[in-house]
Amino acid sequence: MTTHYLVLSALLFAIGGVGVLVRRNAIVVFMCVELMLNACNLAFVTFARQNGNLDGQLIAFFVMIVAAAEVVIGLAIIVTIFRTRRSASVDDVSLLKY
Amino acid sequence: MEPAEIIQHSGGAIGAAWLMIALPLVGAAVLLLGGRRTDKFGHLLGVLMAVASFVVAALSFAQLLGFAPGERRRGIELYDFIPGLAKVGLLVDPLSISFCLLITFVGSLIHIYSIGYMAHDPNRRRFFAYLNLFVAAMLLLVLADNYVALFVGWEGVGLASYLLIGFWQHKPSAATAAKKAFIVNRVGDFGLLIGIFTIFATFHTLAFNDVLANADKASSGTLTAIGLLLLVGACGKSAQLPLQSWLLDAMEGPTPVSALIHAATMVTAGVYLIVRSGPIFQGAETAQLVVTIVGVATLLAGAIIGTAKDDIKKALAGSTMSQIGYMVLAAGIGPAGYAFAIAHLITHGFFKADMFLGAGSVMHAMNDEVDMRKYGALRKVMPVTFVTFLIGYLAIIGFPLLSGYFTKDGIIETAMEHNAILGWLAVLGAGITGFYMSRLVFMTFFGAKRWEPTAHPHESPAVMTWPLIILSVGAIGLGAFLVLGNRFMTFLSPAVGAPEEMPSFHPFSLTGLVTLALVAIGAAFAWVKYGRAEVPAVAPRGSFLTVFARRDLYGDALNEALFMRPGQWLTRLAVFFDNRGVDGLVNGLAAGIGGTSGRLRRVQTGFVRSYALSIFLGAAVLAGAWLVVGNL
Amino acid sequence: MGESITFWVLAVVSVIAALGLVFSRRAVYSALMLGVVMLSLAVLYAVQDAPFLAAVQIIVYTGAVMMLFLFVLMLVGVDSSDSLVETIKGQRFWAIVGGLGFAVLLAAGIGNAVVGPAKGLAAATQAGNVPSLAELIFTRHVFAFEVTSALLITAALGAMVLAHRERAEAKPTQKDLSRQRFVAFGRTGKNPAPLPGPGTYARHNAIDMPALLPDGSVSPLSVNRYIARYEESQGILPPEVARVLEQEEAAQQRAAGHTNGHSTPTVAEEARDGGPDTEPMDEEGVVAGRVVRPRGESVRESLSEEDGK
Amino acid sequence: MPWLSTLMGVSVLGALGVTLVRNDKLAKQFTLVVSLIVLALTVAMAVQFSPNGDKFQFAETYDWIPAFGVHYGVAVDGIALVLILLSVILVPIVVLASWHDAEAGKRSVRTYFSLLLVLEAMMIGVFAATDVFLFYVFFEAMLIPMYFMIGSYGGAQRSYAAVKFLLYSLFGGLLMLVAVIALYSIAGKGTFMFSDLVGTIQDVTTQKWLFLGFFIAFAIKAPLWPFHTWLPDAAAQAPAGAAVLLVGVLDKVGTYGMLRFCLELFPDAAKFFTPLVITLSVIGIVYGAIVAIGQTDMKRLIAYTSVSHFGFIAMGVFAMTTSAGSGATLYMVNHGFSTGALFLIAGFLIYRRGSQFIADYGGVQKVAPILAGTFLVAGLSSLSLPGLSTFVSEFMVLTGTYQRYVVPAVIATVGVILAAIYILWMYQRTMNGPTAESVKSLPDLNAREKWVVAPLVALLLVFGFYPKPLLDVINPAVKDTLSSVSVTDPKPAVPVAQEGQ
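Chains A, B, C and D are the protein sequences, given in the same order.
One point on numbering: in full-length UniProt numbering, the residue at position 53 of the first sequence is 53, and numbering is uninterrupted.
One point on numbering: in full-length UniProt numbering, the residue at position 44 of the second sequence is 44, and numbering is uninterrupted.
One point on numbering: in full-length UniProt numbering, the residue at position 228 of the third sequence is 228, and numbering is uninterrupted.
One point on numbering: in full-length UniProt numbering, the residue at position 378 of the fourth sequence is 378, and numbering is uninterrupted.
Everything labelled a hint here was simulated from the structure, so no lab data went into it.
Computed from a predicted structure; not experimentally measured.
We put the CB at the ideal spot given by N, CA and C, even for glycine.
Check before you lean on any hint, since a few could be wrong.
[To be verified] Only part of the chain C face toward chain B is listed, based on derived beta-carbon distances under 10 Å: (1) Trp94; (2) Val97; (3) Phe102; (4) Ala108; (5) Pro238; (6) Val241; (7) Ala242.
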């Protein structure tokens, strides 16, 4: 049974990854990142169950905390950028190039 | 007869022979470093140092005479110049002391003359400094006991010559002539240097004593090579073919310089070198033959050039070339010719200096005009100059009983015995000499006045005429004194060796008579063309031969076509190659790297998603690799 | 059995929701889809003996983080939708290739990592799930836990610093604003007074009624261009309004002269101008958009108004 | 007394001190005093050197990185001693000559003089290093102050020149680093000390590779044809004083390295590559001279003459005869003085007129006779006129080379003629002829400048007539080097019994 969870987790992770790559709206990109993190959490929780070890759940917990912090900072950055550039597209922020 | 052994010597005037070099050197140093402060007495100091040097030379000579003939080669050690290569010492022997006397005596006279000649030049002090420098270098050249020190003196006189030819360096022609003289001399030095290298590679020493005494042990091929290389050096310094072109241009220098350096002393250094290196040449017949051929070719070339020049100094310069050709010819013959070569060198030093200074006196009187076509009838206004010049003239054409008669005819006789063709060519040269020297005298002192309206010729001051008088005395009597009774040959033999059989002097030999006749014909022809007839103020275009002679036998044109133009072309090519080729390669490499990175940096698009994609794909590839490797 | 059903239902839902998240045009829909995924996952956590995490997932993620997303979406503009045209060459293709590859590889890799039946957490959570986790957190991982608290505080501070906007110059006073208005009037002839309200007094209580000037004629300033345009297209534009607008148009044509060709404003320009008739909301806009703008621009602006009709 | 460390220490402390002085003029005076103190100390050290004593004297060795056997090891033999002397003599002269050089730009004057002193310490260190690694460190570190001196205080194209100089040198340096590390690991002695490494590499193929690593670095540094193109750019753009140190001392590290490291560490490879090196040198001699003739820029011309002269030095080093080797070492010293004088006087001239182009001058002799005279003396030393010290060295190199390689020596001697052409032609175009309008009001050398030129001319003259003091120091060291390469001088065809030679 746990294999199913892991495959689901892999699927969600890949979908999230594709989303990061194809979407241009910074907020949606961020959501996709959250999706990837969640997929990981699912894998952690599944492994905890598989191995009979609570550490997996613990890691998932920590991931949530970090994700929360990351969202806070990330969204603040997006807001700042939007305020100056009137755009939330990640493609518009491409000054740091060749 | 072989040269005598060198005896180490100390004490007396010979022991202090280094003073001969040091005194003028100090003079030059004081005058150059002292700057304007020494302007007041600079010329006097210069004269004093030259005269003092002469005194030392005379005392040394006297002391040398005090020794038995076989002990008249005295070596003086000075110091270790280049450890392992050369110690510097002086060699006072009959050969070098003869030169010393000539250099210091004529040199002193010309110093004195220059006081008057350069009186109005603001840089007279510098002129005397250079003259002193020249005297010192020339004395080092002849007194050195090894080839390195000789070379130092050799280049020293070259430097002095450069400085003095270019003395009026604000004139582009003078500056160019000076540079040309130095560079052509350097070509000669190239040969001399390689000759010296070969000597060192062969003998591992450069001292005359060791090299010359052991010359017969070396292979004749080596000796021929050395001899020819030394000859190249001699050609450069003595303006022999094919390195003759600088001497005529060198007349841009002040006239005393032409008299001292380019007539009496420096240009004869080549003759000195050949005579000094006698044992090397005697071991290499080919080299000797080449020496004689060069001598004859130059004596004819110089004479031909002399016939067409209207510039009085250039005519005299052509004559100098020609006369040195005689000396080289004699030096190439071997011990039989050495004495005559040196004797002619000494008498030539007197009468040519006399004539150059005479020419200087004329120019001084004629507002520095050098074109003989603007002279004429000067014998009345400048009697002293005329008489002394006339004596020099008679001496050079070989008028019986004057100096040239003894020394030049001696060379012709010796050459005739050595090789008839060379001898007859030398006779022909004497005939041409008769023509061009007569032409010069007639154009200058006889005929009608062709002066520029502004010219007011006058006799020169005593400080200039007295040297002329003294030199003309030498021009009269020195030849007889040296040659009669083989006096000079005997004196010189300990230094350079002597032929088995001393030559005897025949006053009316066939050769002598033919020579005299040819000279007379030449002089008569000159009288017809330039003495009696009107001399046109502008040179007629002349025949092909005249133009040929006037343009220095196309020597300059040849140099220009063969060396200068290809050289300029080569230089431009090399610069272009360096900028575009070598540096272009370097810069091209840099540009290539720059271009590649310029293209490569386009990968950095600035789009976060591109970066994310590469991270994502990279992670996928890594995961795949990990799976594959893990399952292996 | 029960777990299987739950899993399969939720797995299908969450995958569809995830795909929806990726492919929906509007960000709001994406956010909602993400919420669906998170809730599904919360249930799956609960099924897998992780009740605490399930609760945290709902409270923190669905509750706090998602709300934050929605707030930011509101700030940025709810209705701003992505263009679906891909601008980076090959990005989409490679993204999908990479995604598929990754999914396959991960599934193959992690899926195969499971050997044997699950041990279950019964042994590890004898004291109950939450107390067992608490024990781990406050004993073995207490240092990491404390560090995360520092991280959260730092994040909070960072968000404040980032979101805070420093005022670069003093706030314009009423005097400044008034001066700006009159400067604009001097330069471009822009009316310094407030726009007249619509003529809602007297007979009508509608925003499409123009204000009347003292002479009884219509004040063109009070005509809302959007509405006028709409009414014109519907053929219900009152004739007096139409007349006034025509007069104004003629006057502007004269003022513009013949030098200016008719140029159609681009979508971008119109968007930047914030619509022909609306006042921009912030003062920067006033300075940048209305007052300092060179003359030619304002002419073009009025031209764009005629184009609307 | 740790002489060598003291010398470097004084220079470095002086450099720090200069940066602390607030007043520019005071900083200059301070720099001059420091450099004179270093000179005095070096002379005091040199008189204690015994030419026939140990090979390396005043040795100091301390562990630096014990894990790799890297030492701080300094000592001098005759060759290093004369080169250190050259450096410390040139520095005060350059300081005096550069009195106003750094003021033209916006950069700090104090930094310039501080860099000069840092460079002095580096120069002493690079010649004194007896640890190969330490040598490498100094070899590369020397680039830094010079880079800034060119890049910050140079002419119009200074950044191009500085970058080219740095990259070129770094490229060579990195090759050398590879060779140094390879030498360390292949030798397997666990030490970088030069004396321990001599003779450890026996395999000829290995020797060849390592030789190339060292040699290319040195050939770029020297610079040998065809690695020379950075020099004209760098020298023409550098301020005159920096150009003197660059060409006069820094480049000598290349030829010094060939003599010290290439020959002694890899004797078989050196013998193998000798034909190649001699060929490159001869090409360099003739080519450098010909290109010099075609230059229109005075400083570039002088730089190209140096390319020619470095050809002579490299040829002397690889001819492997006593007189060529000693001559080459002496050449390094003399060339420093000669080119130094030439660069400095050309610098004075350029400072006055503000143009490096020969065509902008003419007839300077008339308005500035002392300047012209000293320029002529410097030029004559560049064309190796006898009586000036360069002649002695050139003569020794050519004589020594001729003993073994006749044809290359003969071709190299052509350089003597070409030298006369480039120097005298430049002199004629700048100093002779009618005075150009633009130089009519050119002042002659002032007292400071005379003090700059006088010691150089004096040294050229003194060593021109009496080179024995230098040669007595150099000769044993060169003989020692050659004996470690196990070559002997060719025997004469006609042995002459000589007294005392």
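Hint phenylalanine 102 of chain C vs chain B: min CB-CB distance below 10 Å? 5 Å, holds
Does alanine 108 of chain C pass the interface hint, meaning its C-beta sits closer than 10 Å to a C-beta of chain B? 6 Å, holds
Interface restraint verdict for valine 97 of chain C against chain B (beta-carbon cut-off 10 Å): It holds, given that the least Cβ distance between valine 97 of chain C and chain B is near 8 Å, below 10 Å.
Given tryptophan 94 of chain C as an interface hint, is the shortest Cβ-Cβ distance to chain B below 10 Å? Holds, about 6 Å.
Restraint satisfaction for alanine 242 of chain C [CB to CB of chain B, less than 10 Å]: 50 Å, violated
Is the hint on valine 241 of chain C kept, meaning its closest Cβ partner in chain B is under 10 Å away? This hint is violated: valine 241 of chain C lies away from chain B, its Cβ roughly 50 Å from the closest one there, beyond 10 Å.
When the least beta-carbon distance from proline 238 of chain C to chain B is tested against 10 Å, hint result: 52 Å, violated
Hints 5, 6 and 7 from the list above are not met by this structure, while the remaining hints are.
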